[in-house]
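Residue numbers (the numbering used here), protein chains in the order written: chain U, 1 to 611; chain E, 1 to 215.
For the record, the hints were derived by calculation from the structure and aren't laboratory data. Bear in mind the structure is a predicted one, so any value in this text is a computation, not a measurement. Where a beta carbon is used, it is the ideal one built from N, C-alpha and C, also for glycine. Among the hints, a few may not be true.
[As the list claims (entries may be wrong)] Straight-line Cα separation of at most 30 Å, DSS-like style, residue types lysine-lysine; simulated pairs:
no.	chain 1	residue 1	chain 2	residue 2
1	U	LYS470	E	LYS116
2	E	LYS183	E	LYS169
3	U	LYS470	E	LYS169
[To be verified] Derived list of chain U stretches under chain E, where covered just means 3 residues or more per stretch with a C-beta under 8 Å from a C-beta of chain E:
no.	stretch
4	291 to 305
5	422 to 431
[What the hints assert, rightly or not] Only some residues are given here: those of chain E computed to face chain U with a beta carbon under 10 Å:
no.	residue
6	SER57
7	LYS113
8	LYS116
9	GLN196
Each chain is listed here by its residues.
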Amino acid sequence: MSWITIVWSINVGACLTLATMYLAVWCRERQSFVHLLFSCIAASAALIAAYELQLIRADTPEAYGAILRWRPLSTWVLVLSLVAFTRLYLRAGRSWMALSACGLQTLTVIVNFVFTPNLYYGEITAVRQIPWGGETASIPLGTPSPWSLLNQATLLLLLAFFVDATITVWRRGDRERALIVGGTTTFFGAIVAAQFALVILGIIEVPFFASFAYLGIVVALGYQLCNDAVRAADLASELQVGEERFRRVVEAAPSAMIMVNHEGQITLANLQAEKTFGYSREELLGRPIEMLVPERLRSGYRDFRHDYLCHPQARPMGAEQELFGQRKDGSEVPVEIGLSPIHTSNGPLVLASIVDITQRKLAELEAARQHHDLAHLARVSTVGELSNSLAHELTHPITAILSNAQAAQRFLAHDDVDLDEVRDILNDIVTQDQRAGEVIHRLRLLLRKGEPQAQCDDVDLNEVIRDVVKLMRSDLINRNVTVDTDLAQNLPAVTGDRVQLQQVLLNLMVNGCEAMADHYSSECRLLIASQLQNGAVRVSVTDRGGGIPEKNMEQVFERFFTTKKEGMGLGLSVCRTIIDAHRGKIWATNNVGSGATFHFRLPFVGVGKRQ
Amino acid sequence: MITGLLMPAPLGPTVFIVDDDEAVRKAVSRLLRSAGMAVAVFASPGEFLAQYDPVTSGCVVLDITMPDFDGLQLQATLGEKGSMLPIIFLTGHGDVSKSVQAMKRGAFDFLSKPVKDKDLLTAVRAAIERNAVARQQQAQLSAIRARLDSLTPREREVLEHVVSGKLNKQIAGDLGITKATVKMHRAHVMAKMGVQSVAELARLTERCGIRGNGQ
């Protein structure tokens with residue numbers, strides 16, 4: 001069998017196979033016009049190869065001319081497809097060049113059918129059989145038509161178009177495509193152009209074999225498309241693996257994860273989210289996120305969500321705020337939420353990581369209760385130390401009451417009863433009874449345990465100071481300590497537990513007295529001052545004792561630190577616990593002369609108030 | 001209530017109440033007045049000392065615990081001034097150590113607050129009585145001293161020898177004078193001291209702390 005027939009047939013077969021394959025691809029994916037165009041290119045290349053085989057076998061000038069006349073039609077399809085492919089696939093090439101080349105090619109086809117026998121020859125006089133690779137092949141003899149220059153111009157314009165497109169793609173950095181698609185097309189295009197010119201002008205005597213150049217183009221494009229397909233498949237599987245990994249990570253996360261889209265709908269929820277909120281995944285997906293927010297907080301939440309989407313950034317939600325979620329059964333769960341925006345082609349998504357902090361809240365409550373118990377214990381112990389003085393405070397009114405009452409009895413036994421005197425006595429008895437009642441009331445308040453975090457009133461610290469000074473009156477006399485006060489006027493109120501703040505002051509005063517007693521101070525004076533300073537109320541207790549050794553300055557507030565023989569080392573540590581719980585600060589300084597000063601500051605109402 | 005002398009009774013005894021607590025002061029003074037006693041009240045020891053007159057009789061009812069200048073200090077100051085006013089201390093709870101000190105310095109009585117009327121009145125009456133007796137003794141003593149002061153030095157020497165039980169002859173020998181002269185001095189002494197017997201003379205001089213010169 002003739003090798004020419006075999007080789008050209010293989011060429012036809014190869015091109016047809018590729019054309020069929022990519023046609024099938026296009027059928028499955030109709031938007032992918034690149035595949036359709038490639039299919040057209042391959043099909044027309046196959047047709048051209050078939051024509052060439054016929055030309056090699058043609059034995060009369062008429063037959064040769066007729067076959068050659070049909071050839072530009074398939075070239076036209078090929079060129080148009082190739083130009084469209086380049087524009088679509090490489091997204092390169094100047095559009096005026098593309099349009100001009102296509103126009104010229106179309107003109108070539110029209111001119112081809114206007115003149116006989118075809119575009120290339122004015123006349124084909126004979127067909128010559130030449131020996132070619134051990135066989136004979138037909139080549140035409142005749143006069144080339146001047147219109148064939150049109151064909152050459154078209155080919156040159158096409159080459160320019162491809163070169164331009166290749167350079168653009170190369171510069172864009174996509175070198176692989178520039179080389180394989182642009183480079184190959186240009187190279188084989190140049191071969192085609194050269195062969196046409198040489199054969200038609202009769203400069204060389206070979207049959208047309210341009211179809212192999214086209215085959216080269218088809219193979220290169222096919223290779224590139226195949227490459228793309230493989231890469232796409234890789235990406236898809238990578239994506240799938242990534243997605244699977246992401247899904248697993250989210251699923252295994254110890255906190256509830258919920259992804260919300262721009263409209264506030266839940267697009268993802270993990271196992272922990274189901275557990276935390278009591279909904280199944282099906283009940284969550286596609287539903288508004290508001291369903292997980294307690295009714296009372298929803299309106300505020302909507303504003304928050306809107307604000308967040310305007311300024312998305314990874315951050316904890318509602319810093320300094322207590323957040324709650326709502327379970328399916330309507331109960332509320334305290335939560336902590338971290339937010340991360342995720343930008344996708346479908347708009348911004350927000351990934352919320354939600355931690356159920358019920359246990360932590362319970363632990364905090366437990367800690368608060370323990371602090372409260374300890375504070376109470378310390379208070380009772382302090383009051384115990386003062387019990388003598390406190391009893392003394394009661395002795396005065398009781399003595400007055402008894403003596404008054406017995407005096408009245410005696411006055412009434414007189415013959416001429418002085419009723420005015422008796423009336424005065426009764427008034428005094430009532431007053432003194434109230435006085436005793438107040439002492440007991442103050443004492444009872446101080447000894448009462450109460451509930452942790454329950455007493456949060458507006459407290460006037462000046463009033464606290466005056467109360468404690470009253471409470472300690474007898475003790476101060478016993479200790480021979482004089483108290484001076486320097487209280488700021490119009491002091492704003494602080495928020496807190498009145499009794500605990502009294503306890504702090506009581507402790508600081510008792511400490512000051514003891515420091516002066518230990519130091520055998522010649523003049524025992526305590527100065528208690530209140531002032532407004534930097535948006536806080538500051539209270540200081542200044543003694544004239546021995547001061548605090550510098551090395552102990554930090555330790556004095558530590559639990560079980562004491563310099564006294566009988567001290568438990570609880571007083572100041574409890575003071576610090578109380579002041580800390582009031583968002584305040586307590587510290588000590590040594591005075592310039594002698595003694596130490598203990599200060600504490602508390603934010604007043606309206607400063608740093610949480611929203 | 002105005003402190004200071006109320007119902008001044010220069011002749012009768014007065015109870016001086018010193019207490020820093022106005023209500024207690026007022027109530028205690030009422031109680032004493034209801035028993036017909038003259039009362040003067042003071043808010044502090046200082047106030048009391050400012051008006052203190054050694055001539056006045058009666059007693060002091062004193063709160064032991066007061067700021068600055070307390071009951072103990074007042075007791076000490078009065079002692080230095082030679083006051084004879086008995087002091088009844090009113091004490092609260094836990095004033096034990098102060099009470100012991102006051103006791104050592106010769107406090108008349110201690111009553112703990114709140115005080116019952118009978119206890120207070122009994123104590124006050126006893127104190128006034130004690131003060132009256134003391135004053136009487138003091139007056140007698142002053143009279144004896146005055147008589148002693150009227151003696152000449154020689155008569156004083158003779159007196160000391162007489163009360164030690166010596167005979168005129170021995171005295172004359174000791175002093176280097178005649179027996180007749182001793183007799184004359186002795187008669188003057190007996191007359192000036194207003195006594196009839198040597199025994200009477202010895203009792204008087206003993207109260208003034210004069211011992212016989214009897215070696």
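(request) If any of the earlier hints don't hold here, list their numbers in rising order. (result) 3, 4, 6 and 9
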